[in-house]
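Q: When you get a sec, could you build the whole thing from the sequences and use the hints?
Add 36 to a position in the sequence shown, counting from 1, and you land on the number used in my numbering.
Hints are supplied without guarantee of correctness; some may be wrong.
Stated by the list, open to error - Restricting the straight-line Cα-Cα distance to at most 25 Å, the calculated cross-link-like pairs of lysine-lysine (DSS-like) are:
id	residue 1	residue 2
1	Lys50	Lys64
2	Lys184	Lys123
3	Lys50	Lys77
4	Lys299	Lys451
5	Lys381	Lys344
6	Lys184	Lys344
7	Lys389	Lys299
8	Lys381	Lys306
Rather than coming from a laboratory, the hints here were simulated on the basis of the structure.
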Amino acid sequence: MAMVINMKDERLRKANSYVNKVYEEVTKRNANEVEFLQAVKEIFHSLTPVFARNPQYIENGILERIVEPERVISFRVPWVDDYGKVKVNRGFRVQFNGSIGPYKGGIRFHPSVNASIIKFLGFEQIFKNALTGQAIGGGKGGSDFDPKGKSDAEIMRFCQSFMTELSKYIGSDVDVPAGDIGVGAREIGYMFGQYRRLRGNFDSGVFTGKGVGYGGSLGRTEATGYGCVYFVNEMLQDRGLSFEGSTVVISGSGNVSIYAIEKAQEFGAKVVACSDSGGYIYDEKGICLDTLKHLKEVERNRICEYVKEHPHAQYREGSEGIWSIPCDIALPCATQNEIDEESAKLLVKNNVKAVGEGANMPSTLDAIDVFLENNVLFAPGKAANAGGVAVSALEMAQNSSRISWDFEQVDEQLKQIMMNIYRNSVQAAEEYGEPGNLVVGSNIAGFIKVADAMMIQGII
37 MAMVINMKDE RLRKANSYVN KVYEEVTKRN ANEVEFLQAV KEIFHSLTPV
87 FARNPQYIEN GILERIVEPE RVISFRVPWV DDYGKVKVNR GFRVQFNGSI
137 GPYKGGIRFH PSVNASIIKF LGFEQIFKNA LTGQAIGGGK GGSDFDPKGK
187 SDAEIMRFCQ SFMTELSKYI GSDVDVPAGD IGVGAREIGY MFGQYRRLRG
237 NFDSGVFTGK GVGYGGSLGR TEATGYGCVY FVNEMLQDRG LSFEGSTVVI
287 SGSGNVSIYA IEKAQEFGAK VVACSDSGGY IYDEKGICLD TLKHLKEVER
337 NRICEYVKEH PHAQYREGSE GIWSIPCDIA LPCATQNEID EESAKLLVKN
387 NVKAVGEGAN MPSTLDAIDV FLENNVLFAP GKAANAGGVA VSALEMAQNS
437 SRISWDFEQV DEQLKQIMMN IYRNSVQAAE EYGEPGNLVV GSNIAGFIKV
487 ADAMMIQGII
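A: Here it is in structure tokens:
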């Protein structure tokens, strides 16, 4: 994605020079952190007109400060497997920016987790959280631990070891983790239990995504998937389009994907494909959600088992092939960089009308360029993926007031938040000369809220 734009005046040239200079410094200081640099470049590309109009941001070093985490925590996580063998994993927590509220972001357990991925996720979280309108800063955490194939006892022992160290750095007014890939209700329950054991009190606000029986919020499980569909629905309606009667492909088969499928089907779409790390299923009749939920939420099984219940469906190895399936709407809900330039061109060739990112940064910068150049409606992850953290903030509010809202109340607030994110992103894009570009709009809207708070609080 080009970093240079057409220069119109001296302020724009100065702003562009400033952005490029800071980006060069970031690349030197983080040379091996590919995912983090990708996230930084995508944000920086949008901000030149902001600095041209607001030179006080340059004078106060906003960009230099916002790309440096306020705190990076890395630690050893020793645990014992069911055979008595000692295992050691790495744990991470990045507390990136707390200018508008306590650090907020999920915990990811996956073999790919490293410092670069946690920093990219934490950096994105700053702007995503700001877009929700809630008082939450940006953070992220995780481990290279793989919960797949582990017994409940092994997962419990790992989570307890992980939380023994992480508990020193979190709290309801400090840093509030949640779930992410590999971390669901089971893992959160084990971590919350260990935190309570270590602290000797019941601080329900220290975690979100908890079970409803001990301080969790109704609607949190569904929030990210539902929120993505709500956002994309607003985008479609603005162009006279609809989920009704559309063919949809949704990657992944975890929490986000399942509930994106559920809401898309409620809106009248036919979802024909989903995936896991091994491959994908194609069901021309439409995915049977009951079967998928049972496989993934009850049996914790592989998606290839779907075809045993639905022999007319096809299972194909290699999850990347899912983007070869013709569709009207594509919702990447699995992981980062799952849609590359080639996959994007294939989607365009098959006449995709809209792409909505349910995962964090699932499209490469080159893929995004392909979508924008071909007038495909594109909903970036930091906006379309914000439903989960939005309802996490609602869970925090319920915990603080010691009350619980019903599902309808939470869902209605989620829907309104996603509509507001869409409208604010559209408005920012128009105001800064990129009408219709939601990548630019969401970046600018989120950045300005955080930058203004940083300005007020001084050089810290």
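Q: Please go over all the hints and tell whether each is borne out by the structure.
A: Tested hints:
1. Lys50 x Lys64: OK: Lys50 and Lys64 at ~21 Å, within 25 Å.
2. Lys184 x Lys123: Satisfied, since the Cα-Cα distance of roughly 15 Å is no more than 25 Å.
3. Lys50 x Lys77: holds, 18 Å
4. Lys299 x Lys451: Satisfied, since the Cα-Cα distance of roughly 12 Å is no more than 25 Å.
5. Lys381 x Lys344: Not satisfied, since the Cα-Cα distance of roughly 33 Å exceeds 25 Å.
6. Lys184 x Lys344: holds, 22 Å
7. Lys389 x Lys299: This hinted pair holds, its Cα atoms lying about 19 Å apart.
8. Lys381 x Lys306: holds, 22 Å
When the structure is compared with the earlier hints, a violation turns up for hint 5 alone.
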